[in-house]
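Take the sequences, apply the hints, and build the full model.
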Amino acid sequence: MKSGFLYLTILSIIVLSTLTFSQNTTQHKSIFESSLHHTGSGMKYWYDKKQGGLELITGVRYSDLSCKNCHIGSCDVCHKVEKDGKGFYSTAAAKKKDLCFNCHEGIASIRKINEENETPDVHEEMGLECLDCHSISDVHGDGAEFTSLNDPGAISAKCENCHDSISKNVSHYIHRNKVDCKGCHTREVVSCTNSQLETMIKEGKRVTQQVSGWEFLINYNGLVTSATIQTYVGPGNKTFIKFTPQFSHSIRGDGKKCEECHNNPNVNEMKSGSMNLTWLENGKLEQAHGVIPVTEGVDYNTVFQKYENGKWVPINNPEKPIVQFAGYGSPLTKKQVKRLQGKWKTRVK
Numbered sequence: 005m006k007s008g009f010l011y012l013t014i015l016s017i018i019v020l021s022t023l024t025f026s027q028n029t030t031q032h033k034s035i036f037e038s039s040l041h042h043t044g045s046g047m048k049y050w051y052d053k054k055q056g057g058l059e060l061i062t063g064v065r066y067s068d069l070s071c072k073n074c075h076i077g078s079c080d081v082c083h084k085v086e087k088d089g090k091g092f093y094s095t096a097a098a099k100k101k102d103l104c105f106n107c108h109e110g111i112a113s114i115r116k117i118n119e120e121n122e123t124p125d126v127h128e129e130m131g132l133e134c135l136d137c138h139s140i141s142d143v144h145g146d147g148a149e150f151t152s153l154n155d156p157g158a159i160s161a162k163c164e165n166c167h168d169s170i171s172k173n174v175s176h177y178i179h180r181n182k183v184d185c186k187g188c189h190t191r192e193v194v195s196c197t198n199s200q201l202e203t204m205i206k207e208g209k210r211v212t213q214q215v216s217g218w219e220f221l222i223n224y225n226g227l228v229t230s231a232t233i234q235t236y237v238g239p240g241n242k243t244f245i246k247f248t249p250q251f252s253h254s255i256r257g258d259g260k261k262c263e264e265c266h267n268n269p270n271v272n273e274m275k276s277g278s279m280n281l282t283w284l285e286n287g288k289l290e291q292a293h294g295v296i297p298v299t300e301g302v303d304y305n306t307v308f309q310k311y312e313n314g315k316w317v318p319i320n321n322p323e324k325p326i327v328q329f330a331g332y333g334s335p336l337t338k339k340q341v342k343r344l345q346g347k348w349k350t351r352v353k
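Counting in the working numbering, the sequence shown runs from 5 upward without gaps.
Since the hints were made in silico from the structure, they are not lab data. All residues carry an ideal CB built from backbone N, CA and C; glycine is no exception. Some clues are possibly wrong.
Taking lysine to aspartate or glutamate and the DMTMM-like style, the derived pairs with C-alpha atoms no more than 20 angstroms apart in a straight line are [said to hold, decoys possible]:
| # | residue 1 | residue 2 |
| --- | --- | --- |
| 1 | Lys53 | Asp258 |
| 2 | Lys54 | Asp88 |
| 3 | Lys99 | Asp142 |
| 4 | Lys182 | Asp52 |
| 5 | Lys242 | Asp303 |
| 6 | Lys342 | Glu263 |
| 7 | Lys101 | Glu128 |
| 8 | Lys162 | Glu128 |
| 9 | Lys242 | Asp52 |
Label pairs and their calculated CB-CB ranges [to be verified]:
| # | residue 1 | residue 2 | range |
| --- | --- | --- | --- |
| 10 | Asn313 | Asn225 | 42 to 48 angstroms |
| 11 | Lys87 | Ser38 | 27 to 33 angstroms |
| 12 | Lys100 | Cys166 | 20 to 26 angstroms |
| 13 | Lys87 | Arg180 | 50 to 56 angstroms |
| 14 | Val85 | Lys288 | 40 to 46 angstroms |
| 15 | Lys275 | Pro124 | 18 to 24 angstroms |
| 16 | Thr123 | Asn286 | 26 to 32 angstroms |
| 17 | Ser334 | Ala161 | 19 to 25 angstroms |
| 18 | Thr203 | Asn321 | 19 to 25 angstroms |
| 19 | Gly314 | His127 | 25 to 31 angstroms |
Encoded structure:
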């Protein structure tokens, strides 16, 4: 009798445990399926012609592009490992930052640039890993659906989570409630130029020219912040420029000096209503460097090229590019640019 009761008790525990595990697994799967890592909604959102995106020059719906398959289909991509011919799930394997770099190519590129220039990101120099700043909800989602990683609430990682107090200095006093931390502490961003849309559409391959050594400034979430640029060449040599907020993972501990932003050569060049971002010099692609404010009423000139037979060939008289501010970014106002063009004040009252 006792053995029968014990058997039923053990059986009940097993059944309840199985049900609980099944419920938890289903719940986690449901949460992940609405995450940006799974849905890829970010690119889909800004690509859409309704948002003034690339669909305007490709005429191809996002659902017909192969890039829609680049996002994570299942937990296996990050968690599944094999040992002795057997597969199992590992949390430790999914936490390795090199795994993140397999997909986040831009961050991998800026990391390589940091190493080559011996200018390490201050956080990586301290030995921090991706998940030291990013929460599990940043990776797995929290059940809510977002249109972009810049959608407010989509990403929990922010400077204030760790830096709950900042030093009292002139720069922090002047820029408070005006400039985001990234605006001053970003060393540089990496940008993709001349991304070949026809190659992406027909072959599913990315062909682009990467440049770095600059940082763009735009408005995002009520503050001036760091941004990057992407330029595209589409069918019929149609062209496109996109500005978007970016955390480049090339962060310096000391902020920029006043002259790096105020009255710098780029700001002064903008006064003419035009600025050269990239140009050809003896057949080599050259570029502007340093801080570049982005505002309306200024033509940002860039070389547009086609990639043909293994060579980059300049496009003669390309159409004027469509310009898009993606990821909830917006251009600086004329008032903001005027402050950058004027002299700075260092006296704190």
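To see whether the hints hold, each was checked on the structure:
1. Lys53 - Asp258: This hinted pair is violated, its Cα atoms lying about 40 angstroms apart.
2. Lys54 - Asp88: At roughly 51 angstroms apart (the allowed maximum being 20 angstroms), Asp88 and Lys54 break the hint.
3. Lys99 - Asp142: Satisfied, since the Cα-Cα distance of roughly 13 angstroms is no more than 20 angstroms.
4. Lys182 - Asp52: violated, 31 angstroms
5. Lys242 - Asp303: Cα-Cα ~17 angstroms, so holds.
6. Lys342 - Glu263: holds, 15 angstroms
7. Lys101 - Glu128: holds, 11 angstroms
8. Lys162 - Glu128: Roughly 16 angstroms separates the two Cα atoms, so the pair holds.
9. Lys242 - Asp52: holds, 16 angstroms
10. Asn313 - Asn225: 42 to 48 angstroms: holds, 44 angstroms
11. Lys87 - Ser38: 27 to 33 angstroms: holds, 31 angstroms
12. Lys100 - Cys166: 20 to 26 angstroms: holds, 21 angstroms
13. Lys87 - Arg180: 50 to 56 angstroms: Because 52 angstroms falls inside the window, the suggested range holds.
14. Val85 - Lys288: 40 to 46 angstroms: holds, 44 angstroms
15. Lys275 - Pro124: 18 to 24 angstroms: This hint is violated: roughly 36 angstroms between Cβ atoms.
16. Thr123 - Asn286: 26 to 32 angstroms: holds, 28 angstroms
17. Ser334 - Ala161: 19 to 25 angstroms: holds, 22 angstroms
18. Thr203 - Asn321: 19 to 25 angstroms: holds, 22 angstroms
19. Gly314 - His127: 25 to 31 angstroms: With Cβ atoms ~38 angstroms apart, the hint is violated.
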